[in-house]
Amino acid sequence: MMRRFVNSLCASRLLRRGMLAALTGCAALAMSAGAEAQEIQLTGPLAGAPAVRKLRLHRAGRIEITPSASFTLLDEYQRTIMPGLRVMYHPTDWIGFGVWGGYGIQTTTSLTDELQVKAIDDRNCSANPNDSACKLTAVNLTRGNLAQDQLGRMQWVAAPQVTVVPFRGKLALFASLFVDTDISFFVGPAVIGVQERAPCGADNDGNQLTERPCASQESFQLESRIAFAPTFGVGWNFYPTSFFGFGAEYRALPFAWNTSGFDNAGAGNDEAFPDTAVNNKDRQFRFNSMISVNLMFSLPMKVKNSD
Amino acid sequence: MNEVAQLDLYGRTGPIDAHVARTAEGMAMNQVRVGLLVAAALLAMPLTAAAQQQGQPKEINLDEEGAAPAEAPTEGEGAGTGEGEGEGEIPGGEGEGLGDICKIDPSACPSINMDEAAKRDINAEMYAVQQIYALRRFRFEITPYFGITMNDQFVAHPAPGLGLNFYITNVLAVGVNGNFYAGLNSPSNFNFQTSRAARVGVPITEYAWNANANFSYVPAYGKFAGFGDFIFHYDFYVLGGVGAIATRPIAVVDPDNRTFEFKPRLSFHVGGGLRIFFNRWFAVVAELSDYIFFDELENPGIATGVDANNNPRAQDPTTWTAPETSFTNNVQAQVGFSVFLPFSWEYRLPK
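So the protein lines, in turn, are chains A and B. Counting in my numbering, the first sequence runs without a single skipped number right up to 297 at its last residue. Counting in my numbering, the second sequence runs without a single skipped number right up to 387 at its last residue.
Chain A on its own, in the form it takes in the complex (with noise of 0.2 Å):
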């Protein structure tokens, strides 16, 4: 309406005489009527609405007991199943504080047996310590076990952590399946039991442990240590009922640890030669990316829902 009396308006005897006043005005005009279309839809029905209304609130309250399996990602000797639990607290629906733990399982990555096959026994250096393959490889290969004589291991972990649940949704699936759905972000310190091969040739302050040469197969033994690691990744979540849900999520723990137990470093430029020592110097950084599924339990059973 208010356009069509521009139009009229400006289309009229009058102000085509003054060319500059009309477009002037009808400038004026075209911009207020603009302004004032923007102005009704802010004051509209729904101005001010929230986003979503009745939404379940699957956290907020409540405890969330969740047993879960995670899998390490990207391994080069040993991949770890590691069976665990997690408890969580949610104050709110986007919050909540907690520990994960879990006890780690080997099992050898293809890498690992051809090793054994081809670079242990087929060469059979117990019977043949002379051999040219045999001695290049005295401090770096075992006689017998590659996966038990030698190579890093993450027994447990233990990680408190917070967790923040920025994106609720809902899924559609093939367009008749619904459930509710949710992203969490977590973060904490991690705790983690590792083994990994004894210091030999010299410890981890440089000192010569004359007793113990890597070349000699009693050198070949796994030492237990504490490693403290940051952990952090993201979760998706999934609630087909009130009280039960499940999800997957990817871990980060990222530390310095000597999964081979290869003397790879410790000499020479910026110590990256080896130096016939087995000890800190040759523990390397890695991300020890793991991927956990999890099935969740929440208490109490109801859950509360949004205005």
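These are calculated hints, taken from the structure and not from any lab test. Note that beta-carbon positions come from the ideal geometry of N, C-alpha and C, so glycine has one too.
Covered stretches of chain B (in silico footprint by chain A; criterion: 3 or more residues with CB under 8 Å from a CB of chain A, positions within the stretch not fixed): (1) 186 to 199; (2) 228 to 237; (3) 262 to 275.
We have chain A; now place chain B onto it with these hints.
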């Protein structure tokens, strides 16, 4: 001024025209000055009208145009309390029951036979999702991305890539994608250290390019509320296809004698991804794809002796590759963005 504004709001333009005409008649000697005064008046008018909106009906009622305000409620009342009075009478031009549009503009008068319309079968189907945020049907998707190797610790195969899809339906697409690896393959430090420590050469290969024809299917879609404030949409897709990948071994065992050429090999492509929409035509994409093929690896043994021409057999190319091919999964994580064309569309059904 208030009166003028109020008249405008209700569509009564007559007094305004008269006022402007009188003003112009008296100021004919100075047209520009008059014009500026008119402009100032027009500027102030809509602002005043906006200020008066409180307590005033915001709707613009076409029924009241050209009619006296006092009469409008009477006519409107008749329309609002029709109680079926107008049924079957609209084609006759009475207009009762559908408002006064027929009186204002007879040419725009609806010619609907309400009795016939009421007898129509109604398809009362309810859709789970009334209007999907970003329809894909009959749209092209252009997806530039960058991929990194997920499962090869010995050689990294990063690659830029491009995916093109055409959606036959809203959930099914046909398309092609390709990766360009040449010049970007890099043996890892881990490969070097393992070889040095164990004195075992691990056969490694590098890739030049990869191209595939794919079917894509979108089984799931949804939306998230971010921080309880804004909403964004996403979908899952899976894909499968067939294509070719050009690879060649990297000479490790006998690099003095061996050089390899790239050869295309049949490959199969399976994957899945997540697409998050920023608007109805732009999305970010994260995809995990596995390019499966049988690769030719370097022969870990070196042929000894000489052939019939007295040439060392180690220089015979037929001895350079392993006798058996190796089943290979080249798993890539790909991150990119998608642009859907055309940018807009019309929904088939109203919201």
